[in-house]
Amino acid sequence: MSRKDTLVSRIPKLGERVERKDVVSVIKLHGVITPQASPLAARGVINLAAMESALKRAFAPERLKAVALQINSPGGAPTQSGLVAERIRKLADSKGVPVIAFAEDVAASGGYWLACAADEIYAHRTSMVGSIGVISGSFGFAGLLERFGIERRLYTAGENKSRLDPFSPEKPEDVEWLRKLHTQLHDMFVEWVKQRRGDRLSDSEDLFSGDIWLGSKALELGLVDGLGNLREVLEERYPDAEIAVAEPKKPLLARLGVASPAAAVLDAVQHRAIWSRFGL
Numbered sequence: 001m002s003r004k005d006t007l008v009s010r011i012p013k014l015g016e017r018v019e020r021k022d023v024v025s026v027i028k029l030h031g032v033i034t035p036q037a038s039p040l041a042a043r044g045v046i047n048l049a050a051m052e053s054a055l056k057r058a059f060a061p062e063r064l065k066a067v068a069l070q071i072n073s074p075g076g077a078p079t080q081s082g083l084v085a086e087r088i089r090k091l092a093d094s095k096g097v098p099v100i101a102f103a104e105d106v107a108a109s110g111g112y113w114l115a116c117a118a119d120e121i122y123a124h125r126t127s128m129v130g131s132i133g134v135i136s137g138s139f140g141f142a143g144l145l146e147r148f149g150i151e152r153r154l155y156t157a158g159e160n161k162s163r164l165d166p167f168s169p170e171k172p173e174d175v176e177w178l179r180k181l182h183t184q185l186h187d188m189f190v191e192w193v194k195q196r197r198g199d200r201l202s203d204s205e206d207l208f209s210g211d212i213w214l215g216s217k218a219l220e221l222g223l224v225d226g227l228g229n230l231r232e233v234l235e236e237r238y239p240d241a242e243i244a245v246a247e248p249k250k251p252l253l254a255r256l257g258v259a260s261p262a263a264a265v266l267d268a269v270q271h272r273a274i275w276s277r278f279g280l
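Residue numbering for the sequence shown follows full-length UniProt numbering, beginning at 1 and increasing consecutively.
None of the hints are false.
Derived pair list, reagent style DSS-like, types lysine-lysine, alpha-carbon separation capped at 25 angstroms:
1. K28 with K56
2. K161 with K180
3. K194 with K90
Rather than coming from a laboratory, the hints here were simulated on the basis of the structure. Keep in mind that this is a model prediction, so the values were computed, not measured.
Modelling step: build the complete structure from the supplied sequences, incorporating the hints.
Listed below in structure tokens is the structure:
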């Protein structure tokens, strides 16, 4: 048989049914959740803009059996956590497929918010899970400016426009305002967890204290449904399915190999501070 005949023989005939395998898509949600998209690398940053292409590809296969979320995130921006989680739910409901989350090193704070977008959550026994709370931090430089004789000039329209300015003395009323904001966000986080986890949650008083637990304890508290890793659970449930990883598209500068050392250092310092809260 000639090479041409061999190639032609491999083309399905008209009306012939092509056998397709079932698919389980895997979405990697790794890194800090931040609205600031990096022009250098999509990996290590989670936000809706960065993840949209991967989410669409993950839910696109015709014979899709399930979507797995591989989560390794210390959290970050609450709005982006909510946007990504809501997008996952919308796609899952439209396709009618189950979503299973797998916590790796950390699924904390916004990372756990993302995990709750799944119908089931699994963790390794050493995974750090939870941190259902709200945190923000800053520095105060007013004393430093005074020490070096630097005069702060700030002009605003609106009495509350300069709240929590790091170069001005801290005001009790500003701190109280921030605490109220944190409480509102915390209430939304708690409501989301209760909505998604339902009666699987325990009645522990510490559940929404912002504390974090290892996987085994998280299972007792109802924050996860079981202990296990992505490979073993998916192979057991979908032994004949093809595992397909949906990666986000790389930004243009990353594809061109262009990097900004200053931007990379600043990103690394900020992200390092967030990860270090969990000893990582």
